[in-house]
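Place chain B on chain A using the hints.
So the protein lines, in turn, are chains A and B. The opening residue of the first sequence carries number 1 in full-length UniProt numbering; numbering runs sequentially from there. The opening residue of the second sequence carries number 1 in full-length UniProt numbering; numbering runs sequentially from there.
Rather than coming from a laboratory, the hints here were simulated on the basis of the structure. As the structure is a computational prediction, the values presented were derived from the model and not from experiment. Worth double-checking, as some hints may not be accurate.
Note: identical chains are not told apart, hence a pair may lie in one copy or across any two.
[As the list claims (entries may be wrong)] Below, in silico cross-link-like pairs of lysine-lysine (BS3-like), each with a Cα-Cα straight-line distance of 30 Å or less:
id	residue 1	residue 2
1	K301	K231
2	K356	K399
3	K79	K231
4	K231	K69
5	K151	K375
6	K301	K172
7	K69	K233
8	K262	K330
9	K172	K231
10	K102	K69
11	K79	K102
12	K301	K151
Number of protein chains: 2
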Amino acid sequence: MSLRILFPALIAIALTACATPQPEDAATSLREHALQDQAGYAFVRDLTTEVGPRMGGTEADARAVAWTKARFEQMGFDKVWTEPVTFPQWQRTHERAHVLGKFPQPLHITALGGSVGTDGELQGEVVMVDDYAALVATPSARVKDKIVFIKNRMRKHKEGAGYGEAVIARGKGALEAEAKGAKALLIRSIGTDSHRFAHTGMMSMSAGSPQIPAAALSNPDADQLERLIAKGKVNLSLDINVGWTGEYTSHNVIAEITGNKKPDEIIVIGGHLDSWDLGTGALDDGAGVAITAGAAYQFIKHRLRPGRTIRVVAFSNEEQGLVGAKAYAKAHANELDRHIVASESDFGAGPIWALKTRLNNADEAFIARATALLKPLGIEYLGNDATSGGPDIIPLAEKGVQLFQLKQDGTDYFDYHHTADDTLDKIDPVAFNQNIAAWTVMLHLFANEWQMDQ
Amino acid sequence: MSLRILFPALIAIALTACATPQPEDAATSLREHALQDQAGYAFVRDLTTEVGPRMGGTEADARAVAWTKARFEQMGFDKVWTEPVTFPQWQRTHERAHVLGKFPQPLHITALGGSVGTDGELQGEVVMVDDYAALVATPSARVKDKIVFIKNRMRKHKEGAGYGEAVIARGKGALEAEAKGAKALLIRSIGTDSHRFAHTGMMSMSAGSPQIPAAALSNPDADQLERLIAKGKVNLSLDINVGWTGEYTSHNVIAEITGNKKPDEIIVIGGHLDSWDLGTGALDDGAGVAITAGAAYQFIKHRLRPGRTIRVVAFSNEEQGLVGAKAYAKAHANELDRHIVASESDFGAGPIWALKTRLNNADEAFIARATALLKPLGIEYLGNDATSGGPDIIPLAEKGVQLFQLKQDGTDYFDYHHTADDTLDKIDPVAFNQNIAAWTVMLHLFANEWQMDQ
Chain A
1 MSLRILFPAL
11 IAIALTACAT
21 PQPEDAATSL
31 REHALQDQAG
41 YAFVRDLTTE
51 VGPRMGGTEA
61 DARAVAWTKA
71 RFEQMGFDKV
81 WTEPVTFPQW
91 QRTHERAHVL
101 GKFPQPLHIT
111 ALGGSVGTDG
121 ELQGEVVMVD
131 DYAALVATPS
141 ARVKDKIVFI
151 KNRMRKHKEG
161 AGYGEAVIAR
171 GKGALEAEAK
181 GAKALLIRSI
191 GTDSHRFAHT
201 GMMSMSAGSP
211 QIPAAALSNP
221 DADQLERLIA
231 KGKVNLSLDI
241 NVGWTGEYTS
251 HNVIAEITGN
261 KKPDEIIVIG
271 GHLDSWDLGT
281 GALDDGAGVA
291 ITAGAAYQFI
301 KHRLRPGRTI
311 RVVAFSNEEQ
321 GLVGAKAYAK
331 AHANELDRHI
341 VASESDFGAG
351 PIWALKTRLN
361 NADEAFIARA
371 TALLKPLGIE
381 YLGNDATSGG
391 PDIIPLAEKG
401 VQLFQLKQDG
411 TDYFDYHHTA
421 DDTLDKIDPV
431 AFNQNIAAWT
441 VMLHLFANEW
451 QMDQ
Chain B
1 MSLRILFPAL
11 IAIALTACAT
21 PQPEDAATSL
31 REHALQDQAG
41 YAFVRDLTTE
51 VGPRMGGTEA
61 DARAVAWTKA
71 RFEQMGFDKV
81 WTEPVTFPQW
91 QRTHERAHVL
101 GKFPQPLHIT
111 ALGGSVGTDG
121 ELQGEVVMVD
131 DYAALVATPS
141 ARVKDKIVFI
151 KNRMRKHKEG
161 AGYGEAVIAR
171 GKGALEAEAK
181 GAKALLIRSI
191 GTDSHRFAHT
201 GMMSMSAGSP
211 QIPAAALSNP
221 DADQLERLIA
231 KGKVNLSLDI
241 NVGWTGEYTS
251 HNVIAEITGN
261 KKPDEIIVIG
271 GHLDSWDLGT
281 GALDDGAGVA
291 ITAGAAYQFI
301 KHRLRPGRTI
311 RVVAFSNEEQ
321 GLVGAKAYAK
331 AHANELDRHI
341 VASESDFGAG
351 PIWALKTRLN
361 NADEAFIARA
371 TALLKPLGIE
381 YLGNDATSGG
391 PDIIPLAEKG
401 VQLFQLKQDG
411 TDYFDYHHTA
421 DDTLDKIDPV
431 AFNQNIAAWT
441 VMLHLFANEW
451 QMDQ
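Chain A with its partners taken away, still in its complex shape (with noise of 0.2 Å):
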């Protein structure tokens, strides 16, 4: 019998009879009910059309909070709510760099953000370094009064294991030039594209706010910004319009299903509502607002009330310092051990191919049950040792909050990660899907199965 048939026949039941399903009834019809379900996508969807890009402290982060809380109203959560989330506004007006001298060329670049601007027109001459590590060890004076160009190429990898490798480049590149002397940075974009787009992203202020601009060159322009250092000597100018411009606050966006039997017991999903401002954010992150509030969603659409609280947070202003999920760990703080696991999606919308966990009772009878739901999807159990249950989950993970981690394939997520091009075509709906229904499994074990008798 085809699901499309069973389900209605199972709500159909559990109405009449006012009891719900066999657990494991429930589980698999949600899981292959979810699979065809279109108010993820419609999510993504909409938000990307209707707001566009919305990166924190600009007035479409404001439009993107009452966007999100009228969807997750419309979507029939029983509580939708804001909680405020401040901090200091960057904004991008243009920024333009070109090749002086005998090749004369303009140069695809973007600001990182953070960065400072150059006060109109700044001219110097480029240094090149292999990487971070060698700027590092490179002497003052060779970089003093230079363009600094950090140019190594960061390595595509299924879980973005090159990320953390050449992202030092963009967090602390700006800092150390600057300590050199160095009156700007260029970095090869932390990106796995040949792309004409140049890839932003947050420069790392925890040891403190660079006074130097700071810019990302699209590979292709890398590569020829190396092959003309190669000729000789490379003037560039430099004119970027960026900047710290006041003190902004958004707001963490809140949606909750109450739980039936153990309303007080939290499950924590979500993504992070901000996107950065050149493209319209649909890897990053409308996709992880809409797969766990489209799983959500899923128990809301066939009136399975689920043991636990489910609780969807669109995080506020995750790319300039997680500052909606620090906002959210402090203002829950006194709840936290209430909140009995937590987990993000925040790395695209490439199917999911693993399952990690980081439970203080692992047992044995629920990992093979999960494994046994997650097995028809393509998915895998790796283990109780997950490190991260994504990037808004790290202040909750700190306070002890339990984990799990749903493992998307990254292989080309820093293709698009950052630019202009990340955009609701880049998704591929059946893999948005498969999340989905990945979710809505979790969702039910962690709601209806997992340590209920204790």
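Just chain B, lined up with the frame of chain A:
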């Protein structure tokens, strides 16, 4: 014996015996050696790096002419010269589009070649039509004072068959929209990618120069605009600063290897030197000039003087109306009867899969010989009914010059065509050298074997 070993031996024999090797040996050896030679790739690499974008009429146009003349001389052609080409100058300063109203956001556009500017900001409501034919069929009342948006998408095709179907929107859309009283034209980019690059390209000026601004949206932005229109009335703001500015004189750059048997009989090959201003013109058409020059160079490198004269033409300003090609045909009108065959490479750098000819006498033995020499390169012969020898050959073909056509796989060509993303990394060096080998074979055949005894 490897050809790398064989080849110097052959040259040694040729030089010591003052005799040309047997044609069979020479053709095969030339082909195999051409597969490895780096001069062609160095040409396109250096042109796109040192000159970069080189739109007709820009300062880079003059640099491209000087660069190409110097490189031809460096390669050792017998004669290198330039011939003037004069045309109206069109320039691009900036182009911006924003959605107004409830869903404000930027859209990525690029002005079409020959467009007028908006003279500041232009606002208007968008009226969407399915394609150019639908615009023709639309009553004026529907589009009067509106911004017309032609939405149809170009399809992918190995031979670029989708281009002809779609490009009429670019060629004639603005004039048609203007005639119906529209205030601007937007089209979906004539391109097959789904990246945030708008594809520029010339409007047809044959029926008059449109006086309303015209621009193309990237494919993801066209998708977005379609989705927005589905939600209700859409108003846009356009700010396009482009236009005609004067007259400019550029040059065709011509290089020749003088034949030693029939020096007055000329084989004309080449590509166009100009590119659009957005990318660095690697595929369109640095590759074409480099492939044909790289093939001719095989004769110089190996001191194998051809029987007929080989002439490589780097045509000026193909993009804005075959201007250099027309000037060439006019300047050489009195020697076209001595142009025994002509062909251009202007479809990127994908592998060649077929040969076509249009010869008055495509004798069986010659075709069999060509087929045998091209077969190891994966190239088949498709017949003597070639309809094109490349855009810049049209004025010659109209005067009766015979043609050959080495057909490239253009499946991906329109992913990059006329965008900022047309950069060197899009050239596959292996396919590029397969092109050089095929052109080398054809040059050898036409210079040394074809109708040599008649």
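Hint-by-hint comparison with the structure:
no.: 1; hint: K301 - K231; result: between (64 Å within a copy, 25 Å between copies)
no.: 2; hint: K356 - K399; result: within (19 Å within a copy, 72 Å between copies)
no.: 3; hint: K79 - K231; result: between (63 Å within a copy, 28 Å between copies)
no.: 4; hint: K231 - K69; result: between (55 Å within a copy, 20 Å between copies)
no.: 5; hint: K151 - K375; result: neither (42 Å within a copy, 42 Å between copies)
no.: 6; hint: K301 - K172; result: neither (47 Å within a copy, 50 Å between copies)
no.: 7; hint: K69 - K233; result: between (54 Å within a copy, 24 Å between copies)
no.: 8; hint: K262 - K330; result: within (23 Å within a copy, 88 Å between copies)
no.: 9; hint: K172 - K231; result: within (29 Å within a copy, 44 Å between copies)
no.: 10; hint: K102 - K69; result: between (55 Å within a copy, 16 Å between copies)
no.: 11; hint: K79 - K102; result: between (64 Å within a copy, 26 Å between copies)
no.: 12; hint: K301 - K151; result: neither (50 Å within a copy, 36 Å between copies)
Comparing the model with each numbered hint stated earlier shows that hints 5, 6 and 12 do not hold.
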